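Here's the letter readout for the chains.
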Amino acid sequence: MPLKKIDVENLNLYYSSFHALKSVSLSVAPNRITSIIGPSGCGKSTLLRTFNRINDTIEGIKITGEVRIDGSNIYDDGYDVDALRRKVGMVFQRPNPFPLSIYENVAFGLKIHAMASGAVLDAIVEESLKDVLLWDDLKDKLRRSALELSLEERQRLCIARLIAVKPDIILLDEPCSALDPIATLRIEELMVELKKKYTILIVTHNMQQAARISDDTGFMLLGELIEFGITSKIFTNPAMKQTEDYVTGRFG
Amino acid sequence: MNPKLAQKIAFVFLLIATLCVIVPVLIILFIIVKQGYSAITWEFLTTMPRDGMRAGGIFPAIVGTLSIVLTAISITLPIGVGAAIYLNEYAGDNALTRIIKLSIVNLAGVPSVVYGLFGLGLFVIFLNLGVSILAGALTLSIMELPVIITTARGALSSVPQSFREASLSLGVSRWQTTRYVVLPNALPGIMTGAILSIARISGETAPILFTAAAFYVPHLPRSMFDQVMALPYHLYIMSTQIPNVPKNLTFGTALVLLMLVLAMSLVAIVTRVYFRKRRKW
Ligand SMILES: Nc1ncnc2c1ncn2[C@@H]1O[C@H](COP(=O)(O)OP(=O)(O)OP(=O)(O)O)[C@@H](O)[C@H]1O
Ligand SMILES: [Mg+2]
Chain E
1 MPLKKIDVEN
11 LNLYYSSFHA
21 LKSVSLSVAP
31 NRITSIIGPS
41 GCGKSTLLRT
51 FNRINDTIEG
61 IKITGEVRID
71 GSNIYDDGYD
81 VDALRRKVGM
91 VFQRPNPFPL
101 SIYENVAFGL
111 KIHAMASGAV
121 LDAIVEESLK
131 DVLLWDDLKD
141 KLRRSALELS
151 LEERQRLCIA
161 RLIAVKPDII
171 LLDEPCSALD
181 PIATLRIEEL
191 MVELKKKYTI
201 LIVTHNMQQA
211 ARISDDTGFM
221 LLGELIEFGI
231 TSKIFTNPAM
241 KQTEDYVTGR
251 FG
Chain G
1001 MNPKLAQKIA
1011 FVFLLIATLC
1021 VIVPVLIILF
1031 IIVKQGYSAI
1041 TWEFLTTMPR
1051 DGMRAGGIFP
1061 AIVGTLSIVL
1071 TAISITLPIG
1081 VGAAIYLNEY
1091 AGDNALTRII
1101 KLSIVNLAGV
1111 PSVVYGLFGL
1121 GLFVIFLNLG
1131 VSILAGALTL
1141 SIMELPVIIT
1151 TARGALSSVP
1161 QSFREASLSL
1171 GVSRWQTTRY
1181 VVLPNALPGI
1191 MTGAILSIAR
1201 ISGETAPILF
1211 TAAAFYVPHL
1221 PRSMFDQVMA
1231 LPYHLYIMST
1241 QIPNVPKNLT
1251 FGTALVLLML
1261 VLAMSLVAIV
1271 TRVYFRKRRK
1281 W
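Read top to bottom, the protein sequences are chains E and G. The opening position of the first sequence corresponds to residue 1 in my numbering, with each subsequent residue numbered one higher. The opening position of the second sequence corresponds to residue 1001 in my numbering, with each subsequent residue numbered one higher.
The shape of chain E in the complex, shown without the other chains (with noise of 0.2 Å):
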């Protein structure tokens, strides 16, 4: 049996009673960077937002099926909630540093997991900031608000924020859609560093980011996972009649 990381098994998900998630299935593999494609209201995030049970508390919503992370069913009753979000970390689409100094939000979840102080904690954020390539330009301003980066530097921070954690799996949520081109194009090359040590997971909009960057490609549909597999399989050869008018831009 293939190493899984994240096996989802017949998920259902309703927003009271609309349907969003229709008995969607898939594994996704260690260290490997897995997209989500679709149009506009599809359901990517939604499906995305189970993997971490950020959307837990909506009023209303109701979740059928399992999500196994690491073998164990995220939605089992006592699941850890907490700790399952350590584990998997999310990225979302519009940058959200916290309004405190770019030291502060790197440091913000390791303070409150009393995962590090003193040197450590200084030693991880500055390794944290290395990864996410902000280190050089921001050594000596590490005192300055966060607020004051630029978007694309703000989303670095974000994941610098993450990443200092320690977590296992990054889903990330259309993390370019804020940004001009070149700096979709830096945060693409950051991804393909990072699957080095995390899996990740990424909704994107952009058709040429998901074959650039994925090894594995889903794509959706009114809620469905229409079509799930290799990347270059799913942009050259889809096995669906839907996804080759999606791919093609033959959709609509």
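Calculated directly from the structure, the hints in this document are not laboratory data. If you're wondering where the values come from, they're calculated on a predicted model, not measured in any experiment. Where hints are given, some of them may not hold.
[Unchecked claim] Not the full set, but computed from the structure, chain G residues with beta-carbon under 10 Å of chain E:
id: 1; residue: D1051
id: 2; residue: S1167
id: 3; residue: N1185
[Said to hold, decoys possible] In silico DSSO-like pairs for lysine-lysine, Cα to Cα no more than 30 Å straight-line:
id: 4; chain 1: E; residue 1: K166; chain 2: E; residue 2: K130
id: 5; chain 1: E; residue 1: K22; chain 2: E; residue 2: K4
id: 6; chain 1: E; residue 1: K4; chain 2: E; residue 2: K233
id: 7; chain 1: E; residue 1: K62; chain 2: E; residue 2: K141
id: 8; chain 1: G; residue 1: K1101; chain 2: E; residue 2: K141
id: 9; chain 1: E; residue 1: K62; chain 2: E; residue 2: K139
id: 10; chain 1: E; residue 1: K4; chain 2: E; residue 2: K166
id: 11; chain 1: E; residue 1: K111; chain 2: E; residue 2: K62
id: 12; chain 1: E; residue 1: K87; chain 2: E; residue 2: K195
id: 13; chain 1: E; residue 1: K62; chain 2: G; residue 2: K1101
id: 14; chain 1: E; residue 1: K111; chain 2: G; residue 2: K1101
id: 15; chain 1: E; residue 1: K139; chain 2: G; residue 2: K1277
[To be verified] Chain E side only, calculated, beta carbon under 7 Å to chain G, not exhaustive:
id: 16; residue: N55
id: 17; residue: E59
id: 18; residue: R85
id: 19; residue: R86
id: 20; residue: M90
id: 21; residue: G109
id: 22; residue: L121
id: 23; residue: V165
id: 24; residue: D180
Beta carbons are placed, not taken as given, at the ideal position from N, Cα and C, and that holds for glycine.
Position chain G with the ligands against the provided structure of chain E, taking the given hints into account.
For chain G with the ligands alone, kept in the frame of chain E given last:
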């Protein structure tokens, strides 16, 4: 009518309407300052009344008002903020929360004299606290609760949802997120609300009339269970209950009360402006 002319007339009318807001403020200030400023001396602010309130100072009334009001806010602030956090950050949309929200709205609509009677019945008589600072403060704190809850909820709601999501997505628990992300960012709003509340209840007479205020107490309060003099009540007494009080003493008292309230509002406004400027989200 010519649209240009109509616009001019509308403009003038709106300007007059707006000026109507400023005029009474200026007139009130003018009259009170004019008639009262001659009374304001160091002695007036720091000594006891003499000659049956016809001379001397208003020190005990100042101390009394401050002790009632500060006690009230220290009761109502934690409860109100706690309730606001519960309603904003935790409560789902169910029958219980709807009843709570309805109660808050209704509490805000109760006339202040009714609070006074309620405080008399519950705190003074039933709980046997007597006419005291504590009874008055408890009465005021219940009266102010809906205001505190509403302003605190406003401050909590203004913290972007994305901050909460960012924190939760790092495995930080909901309580820690509230404690370390939501509250610090809502604090300026909560504090300005609290200061404005203090200013507001400093001038309230009806709720403390039966629960805390005394006609005359020849000493400063020694404990929470003492009756006290209070500025608004003292003002009422001097203007209606005692003949031949020098006019400048009455207006001087009004001036002190007004300055207290205005100063606190000013502090609240400055705090708000300061944090608005620093806040970039
Ligand atoms: N909280 C919610 N309550 C009710 N319906 C929702 C909620 N969130 C999303 N939906 C609906 O679920 C469907 C899927 O939404 P989702 O945000 O997952 O789509 P998406 O594929 O990420 O779209 P986009 O590309 O625009 O981000 C949409 O029809 C949306 O209107
Ligand atoms: Mg989306």
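Each hint tested on the structure:
Hint status for D1051(G) relative to chain E: violated, with the closest Cβ pair at about 58 Å, above 10 Å. For S1167(G), the interface hint holds, the least distance from its beta-carbon to any beta-carbon of chain E being 8 Å, beneath 10 Å. Among the interface hints, the one on N1185(G) holds; its C-beta lies about 7 Å from the nearest C-beta in chain E, closer than the 10 Å criterion. For the given pair, K166(E) sits about 14 Å from K130(E) by alpha-carbon distance, which is consistent with the 30 Å threshold.
Distance check on the hinted pair: K22(E) and K4(E) sit about 22 Å apart at the alpha-carbon level, within 30 Å; holds. Proximity of K4(E) to K233(E) is assessed by CA-CA distance (about 20 Å); at most 30 Å being required, the pair is judged to hold. Restraint check for K62(E) and K141(E): not satisfied, since their Cα atoms lie roughly 45 Å apart, outside the 30 Å limit. Among the hinted pairs, K1101(G) with K141(E) is inconsistent with the structure: their alpha-carbon atoms are about 46 Å apart, more than 30 Å.
Restraint check for K62(E) and K139(E): not satisfied, since their Cα atoms lie roughly 45 Å apart, outside the 30 Å limit. The suggested pairing of K4(E) with K166(E) holds, with an alpha-carbon distance near 19 Å, which does not exceed 30 Å. Distance check on the hinted pair: K111(E) and K62(E) sit about 34 Å apart at the alpha-carbon level, beyond 30 Å; violated. Straight-line distance between C-alpha atoms of K87(E) and K195(E) comes to about 15 Å, which keeps the hinted pair within the 30 Å bound.
Taking the CA atoms of K62(E) and K1101(G), the gap is near 26 Å; set against the 30 Å cutoff, the hint holds. Under the criterion of a C-alpha separation no larger than 30 Å, the hint pairing K111(E) with K1101(G) is inconsistent with the structure, at around 36 Å. Distance check on the hinted pair: K139(E) and K1277(G) sit about 27 Å apart at the alpha-carbon level, within 30 Å; holds. Annotation: interface hint on N55(E) violated; nearest CB of chain G at approximately 10 Å, more than 7 Å.
This hint holds: E59(E) has a C-beta 6 Å from the nearest C-beta of chain G, less than the 7 Å allowed. Against a cut-off of 7 Å between C-beta atoms, the interface hint on R85(E) holds, since the closest Cβ of chain G lies about 4 Å away. Look at R86(E): its Cβ gets to within about 3 Å of chain G, closer than 7 Å, so that hint holds up. Taking 7 Å as the C-beta cut-off, the interface hint given for M90(E) holds, the closest approach to chain G being about 4 Å.
A distance limit of 7 Å between C-beta atoms decides the matter here; for G109(E) the minimum to chain G is near 4 Å, and the interface restraint holds. For L121(E), the interface hint is violated, the least distance from its beta-carbon to any beta-carbon of chain G being 15 Å, above 7 Å. Hint on V165(E) holds. Least Cβ distance to chain G is approximately 5 Å, under the 7 Å limit. With its C-beta approaching chain G no nearer than about 21 Å, D180(E) sits outside the 7 Å limit, and its interface hint is violated.
Checked against the numbered hints above, the structure breaks hints 1, 7, 8, 9, 11, 14, 16, 22, 24 and satisfies the rest.
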